[in-house]
Structures are given as structure tokens and as C-alpha cells.
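Chains as they are written, first to last, in this note's numbering: chain Z, 1 to 194; chain F, 1 to 172.
Note that these hints are calculated values from the structure, not bench results.
None of these values were measured; they are calculated from a predicted model.
Yeah, the Cβ is synthetic: ideal placement off N, Cα and C, and Gly gets one too.
Treat the hints with caution; some may be incorrect.
Some chain F residues well away from chain Z (every beta-carbon gap over 10 Å; in silico) [to be verified]:
#1 Ala39
#2 Ala47
#3 His50
#4 Pro71
#5 Ala79
#6 Met98
#7 Glu128
#8 Tyr160
Partial chain F-side listing against chain Z, Cβ under 7 Å, derived [claimed, not checked]:
#9 Gly41
#10 Ala44
#11 Trp62
#12 Pro65
#13 Glu68
#14 Ile92
#15 Asp93
#16 Gln124
#17 Ile127
#18 Gly135
#19 Glu137
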Amino acid sequence: MKTLRSWVALLAVAALAAPALADAPAIGSAAPAFELKSVDGKPFSLADAEKSNAYVVLMFIATQCPYSNGYNDRMRDMAAAYVKKGVLFVGINSNSTESVEETAAHAKQHGFGFPVLKDPGNKVADLYDARRTPEVYVIGKDGKLVYHGRIDDNSNDASKVTSPDLKNALDALLAGQTVSKTETKAFGCTIKRA
Amino acid sequence: MTRLRNAGAAAVAALAVWLATLSPATAVDAPRLAGELDAKGLVAAVAAQHGNVVVLNFWATWCVPCREEFPDLVRLEKAYRARGVSVLGVSIDLPKDMPRIEKFLSASAPDFPNYIKRAGGDDQDFIESVDPKWGGELPFTVVYGRDGKKAQVLSGKQTYASFEKAVAALLK
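Given only the sequences and the hints, what does the whole structure look like? Please build it.
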């Protein structure tokens, strides 16, 4: 019995030591499950969030990236507007260069009303193959990815946005329609991996 | 003859004094942007280096890892220029950041051309024209072989060793 337990432990360690970068999960595939702690110390489980919300928006964000910071107000406002419709926005900071304390202070400074999680060792960024900040993933009612990409097409000036891609995706989902543009791209800061 | 030598020496001395009065920026040409590029212009800039291994690097002044790896590109170009390696830089900064771009280039002193991405249009189109697998993260580097074909893409901050490895494989 003791030998069996040793083997199980060994296999568990081997699984944890798997290559850091997984393939990017495709649209329509299951969103990888994870558990993290928020910057104020509260546990967060994606599985629990999916159970209590119609849709979940994961946003890989940063404290020092000008592209991510260009969206602070938009993220705050969209999160507040959509949470009333059953959409939970979640910020994830995977940068090894930005501490829990700095991330917490940044969230407070910008009035983020949504959970902001710290991703030590960028494990969740690796699960999702997230490369930049900001980069968002929308998880549908069935736990599958329905949108991946940018918030919109203008990080510099919200008044000049011509393609509000995340909003379009959420509005389509809430209206019971399919998302027409499921993958988008934008410039952003590389996630500083450990 | 002595008078001629003296006159020559005086002229050289006068030239030295005149050069010493110039600011460093005018005594040595500060690096400037070579121009702006859209997706088509980018293809033409790479094609103009046909026969060389081309290292195409995308950077921005606000991007810390871009600034950190840039000196390695400057060093790489100097070391491999004679062996047929060309480096091209493309800034993703906005036109309003021009003073910061020029300051950065003056400090970095690259011996290779740097362009700025033409403002306007959808960034997604530009990103996908460079490489369909590029998500838009910076820095990002594409290495082309002597035949002009894309050989490797390097996402995120690189080291001198990783740049060197990428070009050395194509020089064999």
C-alpha cells in the first residue's frame, strides 16, 4: 500500500512537471479549470464561477503595461455593466515582475469592482497560452471558450473604437446568438513569465 | 613648402576647433526613423534584403523587454553584417511618441534601419500579415533565410545567444 502511495505521488509530481507552455485551447473547447487566490486573499475557482454566472470573462492584465492600462476604465465600466446581466469579469495578473501588493494597489486605484487574481508561476497563462496584456477569453454557459482576443480595436482612445469586439461577443451571447468574430488580435505587452 | 605645411596644419587645427564646437547630435548623425510602413511596405523592405538573412524585429518605446533586447540586436548586426545578415526594426509606437522614439534611437545607435508602423487601419490585419501565429505581443521577431522565406519566429524577449542561434542556423 505504501509503495502504491509512493507511485501515485511520483505520478502527481511528474504531471506537475509537464512542459510549461500548453497548446492554446481552441474556440469551442473546454476552458481549462483552475483555482487561484485573489489579490485580497480570497480563493477563486473557475468551476464555481461558471456555476454561479452565465458567462465568465477572463482578462489577462498588467499594472505597468500601457496597452493594458489604456483599458482600465473600459474594463471597470464593462465589468460593472455586464455583471448585472450574469457576466462575471475576472482580472488575472500573470506577470512575474508585478507583485501581489502592486496588483492589489493598481486594482484599488482604478476602482476595479471585479475579482483580480494573481497567477504565481504563470500557470494559468500557460494553460490558456495567453501571451500578452490585455488578452481576454470568454467562457460560455457550457464551459467552452466562445471568444478569445482583444477588448476592442483602439487601446489609445475609447472614443475612436470602431470594432468593440468583446462587447459584440457578449451582446450576441446574451441575445442567444452565435458570436460572429470569435478570434481577434491586438498589440500588447508580453506576459513576463517566471 | 614649409609655409604650405604650416597652412595645412592650421587648417586641420581650425577644423578640429570647429568640430569641437558642434554638439554631439550634429557632429554625428543621430539615427532617425527610415520612414513609416504598412503591411505592403513591410514586405517590400524585407524583399529588398533578398540574399541576406533578415532579422525583422517589432518593438515599442513603452515595451520594457523590447528596450532590453534591442542592444543585442545592435550587437548582432555589427557582428554578422559582413556575413550577410540584415536587421530591420519596426516601432509599434504611435506617431505622437516620435520624440521618445528618436531619443531611444539616439541612445541605442543602431546601424540598421528602423521604421514606424503606419498609423490607422486595423492592427489585426497588420499582425496577421506578419505571421498568422503572432498574437500581437511585443517584442516579436521574424527571421528570414537568404531565399526570403520565413524561417523562424521569436516571441517575447530574446537573448544575444538566441538571436545568434537563429541566424547562425541560416548561414550554414
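Hint by hint, here is what the structure shows:
1. For F:Ala39, the non-interface assignment is confirmed: its Cβ lies about 13 Å from the closest Cβ of chain Z, beyond the 10 Å cut-off.
2. The Cβ of F:Ala47 lies farther than 10 Å from every Cβ of chain Z, with a closest approach of about 24 Å, so its non-interface assignment holds.
3. For F:His50, the shortest C-beta to C-beta distance to chain Z comes to about 28 Å, beyond the 10 Å cut-off, and the non-interface label holds.
4. Every CB of chain Z lies more than 10 Å from the CB of F:Pro71, the least distance being 18 Å, so the non-interface label holds.
5. Every CB of chain Z lies more than 10 Å from the CB of F:Ala79, the least distance being 25 Å, so the non-interface label holds.
6. Chain Z leaves F:Met98 outside its interface by the beta-carbon criterion, the shortest separation being 15 Å against a cut-off of 10 Å.
7. A Cβ of chain Z approaches the Cβ of F:Glu128 within 10 Å, the least distance being about 7 Å, so the stated non-interface status is violated.
8. For F:Tyr160, the condition that its CB be more than 10 Å from all CB atoms of chain Z holds, with the nearest at approximately 18 Å.
9. Interface hint status for F:Gly41: violated, as the beta-carbon distance to the closest one in chain Z is roughly 18 Å, over 7 Å.
10. A least Cβ separation of about 22 Å between F:Ala44 and chain Z goes past the 7 Å threshold, and the interface hint is therefore violated.
11. Contact between F:Trp62 and chain Z, as hinted, is supported at the beta carbon level, the nearest pair being about 5 Å apart and thus within 7 Å.
12. The criterion of a C-beta within 7 Å of any C-beta in chain Z is met by F:Pro65, whose closest approach is roughly 6 Å, and the hint holds.
13. Below 7 Å, beta-carbon pairs count as interface contacts, and F:Glu68 has none with chain Z, the closest being about 11 Å; its hint is therefore violated.
14. Hint status for F:Ile92 relative to chain Z: holds, with the closest Cβ pair at about 5 Å, below 7 Å.
15. At its closest, the beta carbon of F:Asp93 sits 10 Å from a beta carbon of chain Z; the interface hint therefore is violated under the 7 Å criterion.
16. Nearest Cβ of chain Z to the Cβ of F:Gln124: about 4 Å, under the 7 Å cut. The hint holds.
17. Interface hint at F:Ile127: satisfied, since its Cβ lies 5 Å from the closest Cβ of chain Z, which is below the 7 Å cut-off.
18. Checking F:Gly135 against chain Z by beta carbon gives a least distance of about 4 Å; that is within 7 Å, so the hint holds.
19. Given the 7 Å rule on beta carbons, the hint for F:Glu137 holds: about 4 Å separates it from the nearest Cβ of chain Z.
In summary, the numbered hints that this structure violates are 7, 9, 10, 13 and 15.
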